[in-house]
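Line by line, the protein sequences give chains A and B. With the numbering used here applied, the first sequence covers 17 to 1001. With the numbering used here applied, the second sequence covers 3 to 392.
Don't take each hint at face value.
Keeping only pairs whose Cα atoms sit at most 20 Å apart, straight-line, the calculated PhoX-like set for lysine-lysine is [what the hints assert, rightly or not]:
| no. | chain 1 | residue 1 | chain 2 | residue 2 |
| --- | --- | --- | --- | --- |
| 1 | A | Lys-969 | A | Lys-773 |
| 2 | B | Lys-194 | A | Lys-46 |
| 3 | B | Lys-158 | A | Lys-49 |
| 4 | A | Lys-49 | B | Lys-71 |
| 5 | A | Lys-36 | A | Lys-189 |
| 6 | A | Lys-599 | A | Lys-437 |
| 7 | B | Lys-158 | A | Lys-43 |
| 8 | A | Lys-46 | B | Lys-255 |
| 9 | A | Lys-685 | A | Lys-702 |
| 10 | A | Lys-702 | A | Lys-484 |
| 11 | A | Lys-239 | A | Lys-220 |
| 12 | B | Lys-106 | B | Lys-158 |
| 13 | A | Lys-222 | A | Lys-156 |
| 14 | A | Lys-975 | A | Lys-797 |
| 15 | A | Lys-760 | A | Lys-309 |
| 16 | A | Lys-395 | A | Lys-454 |
| 17 | B | Lys-106 | A | Lys-43 |
| 18 | A | Lys-484 | A | Lys-599 |
| 19 | A | Lys-46 | B | Lys-71 |
| 20 | A | Lys-920 | A | Lys-882 |
| 21 | A | Lys-189 | A | Lys-90 |
| 22 | A | Lys-203 | A | Lys-90 |
| 23 | A | Lys-200 | A | Lys-189 |
| 24 | A | Lys-36 | B | Lys-71 |
| 25 | A | Lys-49 | B | Lys-106 |
| 26 | A | Lys-236 | A | Lys-222 |
Label pairs and their in silico Cβ distance ranges [stated by the list, open to error]:
| no. | chain 1 | residue 1 | chain 2 | residue 2 | range |
| --- | --- | --- | --- | --- | --- |
| 27 | A | Asn-282 | B | Ile-296 | 35 to 45 Å |
| 28 | B | Val-43 | A | Arg-76 | 46 to 56 Å |
| 29 | A | Val-886 | B | Ile-166 | 55 to 65 Å |
| 30 | A | Glu-196 | B | Ala-208 | 20 to 30 Å |
| 31 | B | Gly-388 | A | Ala-462 | 50 to 60 Å |
Some chain A residues close to chain B (C-beta under 10 Å, calculated; not the full set) [to be verified]:
| no. | residue |
| --- | --- |
| 32 | Val-47 |
| 33 | Val-179 |
| 34 | Ser-274 |
| 35 | Met-276 |
| 36 | Asn-802 |
Hints listed in this document are in silico derivations from the structure and should not be mistaken for laboratory results. Beta carbons are placed, not taken as given, at the ideal position from N, Cα and C, and that holds for glycine.
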Amino acid sequence: MASLKRSFESDPFAQNISSKVYVRSTKSGKVQKIVREVYLRQDIPCSSRLCNACLKIAPRDAANRPIPFVLSDKPAGTSVFTQGHYIVPDTNAFLSAMDLFEQSSAFYDVIVLQVVLEEVRARSLPLYNRLISLTKSEDKRFYVFFNEFRLETYVTREEGESVNDRNDRAVRKAVKWYNEHLSKTSKKAPAVVMLSNDRDNLRKAKEDDIPAYSLADYVKQLKDGEQLLDMIPEVEERDALIEKKPGQFLYPEYYTLSKMNTGVRNGLLHQGIFNVSPYNYLEGSIRVPAFPKALLILGRENINRAVDGDLVVVEVLPKDQWKEPSTQVIEEEAVTKNENPDTEEGSDLISEKERKALQEEAKRTLAKTTEGHALPTAKVVGIIKRNWRQYVGHIDQSSVSSSAAQGRKQDSVFVIPMDKKIPKIRLRTRQVAELLGKRILVTIDAWDRTSRHPTGHFVRSLGELETKAAETEALLLEYDVQYRPFPKTVLDCLPKEGHDWKVPASMDDPGWRDRADLRDLLICSIDPIGCQDIDDALHARPLPNGNFEVGVHIADVSHFVKPNNAMDTEASIRGTTVYLVDKRIDMLPMLLGTDLCSLKPYVERYAFSVIWEMNSNADIVGARFTKSVIKSREAFSYEQAQLRIDDASQQDELTNSIRTLLELSKKLKQKRLDAGALSLSSPEIKVHMESETSDPIDVKTKEHLPTMSLVEEFMLLANTSVAAKIYEAFPQTAILRRHAAPPKTNFDELANQLRVKKGLDLSVESSRALADSLDLCVDPKEPFFNTLIRIMATRCMMSAEYFCSGTQSYPEFRHYGLASEIYTHFTSPIRRYADLVAHRQLAAAIEYEPVHPAVRSRGRLEAVCKNINVRHRNAQLAGRASIAYYVGQALRGKATEEDGFVMKIFSNGFVVLVPRFGIESLIRLRDLAEPEPAATYDAETYTLTTTGSREVKVELFQKVRVKVTDQKDETTGKRGVKMELVSTY
Amino acid sequence: MASSQHVLLSPAELAYLHASLSLTPPIRPDGRSPTQFRPLVAETGILPGTNGSARICFADGTEAIVGVKAEVERTRTRHDFPSLDEGAEGDDDDLEDNQHDVVKGDNDWVEMTVEIPGYRDDDAGTVFLSAMLSEALLADGEFTKRLWINRRFHWKLYLDILLISPPLSYPLPLLSLTTHLALLATRLPRLKSEGDEDPLFDDDWAAAAYLYPRPAAKKGSKKTTSFATPTARPPVTLLVMAVGNNIIFDPSKEELAVADVALAVSVGESSNPSSSTAMDIETEETKGHHNLRILSVRTIDPPSRLTPPGIPNASNSAYGANAAGAKDTEKKKQQQEQARTAESEAVEGVWKAPRGGAKPLVLAALVQKVLEKGGVADEVLDALDGVDLN
């Protein structure tokens, strides 16, 4: 009987074939044995320009030209490898020090092994993407060598060998092969050096006589390597933890993955995103589906090394340990100020000061445990996924020892991140002196059980604190805004004509296909002053039957940005245009955004039009959607449009049509409010800049004009109409926007505060009830009070989100704030990616173009929604942070007294909002007077009474007089606003 | 099906065959001794995608392959389960105690399909084959215990048994031996999680554990080590038949056509720790022999019952019986009587299909023969030991 098994001895091709056998566990719990055949080849080139042998066998393109080799024939040398060298980093070298490889001063001619690339992808997608872009860059000369398919470098897993060990061995084998291979080319062939930070791997390499160095040792061989040293994390020791005595562990151990999975599935443990309270770094919260309210996580030990944003697993603590959320402000800088970064090991987990702060908490809760205010608390038992990114911060001056500021020896210092929710990071650096007073970018490497603080390494310096360039970049980095210039591949997607592009004159041109010619309509746009990216334009005209024709015309971006090309991909990653005070980071290249798509006046432009027929009561009689060509007659600013409407002498057709629009918009708004739409508030202010230097000179609250709500109403109407249309056409895949009704419990605190302090009732049964009761929240003496309550109510709401219609049931589509059954974003495709997708879907719905798979695939749309939801939020936060920074700059050196309102109160401080500047700031007890006055806090009545050095009584919602000055916060390095209480009213 | 397959032998040939098998010692058509198996070729691991597989070819050209696939399945919770809280929160010894208590299997955890070319899968014969094979496997309840992962999960085993040649002889022994080998070669991914957690497995296939663990040391070493952990083995089902007082193993198709009685005897290797003392003594005496026990016995309806009987010359009109010239009715009567005796009495050299059940004494002898030390079962198991299982 002939055997059916492949016999490797008899098969002439056997040496080219190998197989991999492994066990794969799927998410659903399936366990499969996977067998993969591996076909090994010998024609994978080494890609060194020195090598002629490989050139002969290298694969050729269609024109029979060999693909050019990557690695230089004259690679740079180091002090050890004077003949030149190529670098082969292993996986953890990339994982821990990707920034190093992106340096322009060194790290050229790098061989990226396939096994390394795959491991990097499995461990961290962002790092993988950075590595891929490195391999694409021509001047860095990174070559991906498919070692897993080359006969000589393939290794099979040995019995009992872990995957990591096997991969490390594959790396060593590849390095060895490269060295042998290149030595055949010439006598002075460049050396091939393995870089690793894994001691075990280095040791084995040494045994096999393979040139290998740790990153630090390697960098020392380079010229000017000193500066790079800081970017290297320390050499990993896999068993470092075991050597330490158990007594030195500061934090509890994490559960095993399987234990966590089991617990989560059984409902014993809960999984969610860990959030840190902005006021108290020792208090975190986590929202899990099983509990209506967020779970509290109090104290260092319970937080157990979780960092804001991590996906963690928590265990609920027994009921007797449930607590109220803290009413105290605890700031990390203040409490841990005098810690020494060098000698922290062996110290207790909870420092004396922290303990004191927590004890006061405990006393307070003990005093009234009988009450039902306690919230469930939990402790972190494991981390599913770290969400660490690069953090912007600066070195804590107080953590620097005096000797370190001069010498060049390595020192430990603390970096205080700009984001207060991130714990301070221990950093080892040699350039303390240079980095002091600079904004720097750092990453967290690890957080061991033995270390109180996470350890990290330096990435790069952004520049001096408080310089505009550094602060703006810091802000963009903090909010993960993609601000690099558009790459060439994206710019290649732009029309060749550039700024000379015009709507084709001939109506036979394919661009005119199925387009309505609306050039004779009196269309105008109304936007803020100086707006360049004009998304929308409007028109209205009376019809013979007494009704009105109203049109909303939106820039036809989808004509220029075709699905799935480089520009589309870039736009979908950016998601939205980000507006900072002095800067705009575009989603689309300038050429489109401010010219070709922008509905500029006096020129013909492609548009996507929504045209309604309305009666004089603003009821919609009919609606149609069409691609069109328009010619805007005028681009108004809100102010100009308002002046024109108000000027009775202007009786031209255009002005009258704006008046018609205004009339109709008022009726639309009334209908919306009747349906229960909320009018919410957030403090909006505008920073005035000096035109030449763009230095901020003044801050003003934004004025509201009727023309603004004119535009707003019609945009809402267009969005709603389009939403209904695309949902009808694509019930499963329409891109929509929803605003979930907030859980009632969100309003508990606010409702209680209003009842106690003002005797007002807040009813939250429906958006209508809420709108009505918000209208009743007035203080006759204080007109701003209503706005204050609206601001606070807005913070209790959920945030609106994009979603794909198939993921929710129809009742869930509701937009709570707008009281609309269905809603989407359609009107700003230049600055929002969601609108662009909606455009494509609408175009397909009206059969203007065939449905592109990208707008039909639910999985892809869900991914797009997820991304743009995050981007949208970040853009908002970045915008706000930018305003806050400029407010600080505008106030620089000035001191003004302003009215403010107490909007939050703690047992050791309170938060005041100053409407004039739209800023809020914390006033601590110790800011009131020196020495710090004693205080009693009555949580029932939200009253803080101080005695001793200064006697004041502060209540919630109280109007106070504060002195606003600017102050450079010594710890965060931010110039911010500082408030001092002058008097209470 | 296969057992009652039509045999193209004339009554005279059947009679001859029967007679030669009844001799002492019996003479088998292929010259084998009564206890000799047909030569076979076996290999394992032929299907890389399965958890275990085997293939056996008999010299007569019949060939079978068996593939074993395992899947993790959630165990249906029973009411008497202690709640999970206690399990998860309780201290460690508690957990371990529980574990020992509840290791038990369920027959639903094994799913077996038999495929015989040319027959429907609901053919009575195929169903009977699969019933016999799974009965042998599940009879003592020991096998399914191996599939236990923890109180919440178990392996579900799918056994696909395929005869890939036409059924030239009754395929039961072939299928059983192939299944036996496949199970011996079956490996399950190594469990990494502990206790009643959701199972998590080692991704290294090389670390996967054998369903039937190998002894730590091979035969060379003495009892102290090699018998410390008795290695159990999956059952084998042997086909045994009796002709007269002769007991014949592994009958060919033709032999089966004249069997007085045919039995399928499933034997397993006992690994019962309670009898360990007895075992020790036994092993002293019969070193190297297997500690066998009967798992199940099934009688098989031999095809001999459906064979056409031969007619003795006396009552054959073609020969003397009719030649005398029968005219009167008396003779006719006599003839009929003779015919009756032909059906009831054995006539030397004339084939007559066997009737009635097997005699208990014969059955006992058959079973005894199977279990005999150094007998066929031992021999077969030893032979299969020699197959490379990697």
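Of the numbered hints stated earlier in the document, which are not met by this structure? Per hint list: 6, 8, 9, 11, 13, 16, 17, 20, 21, 25 and 36 violated.
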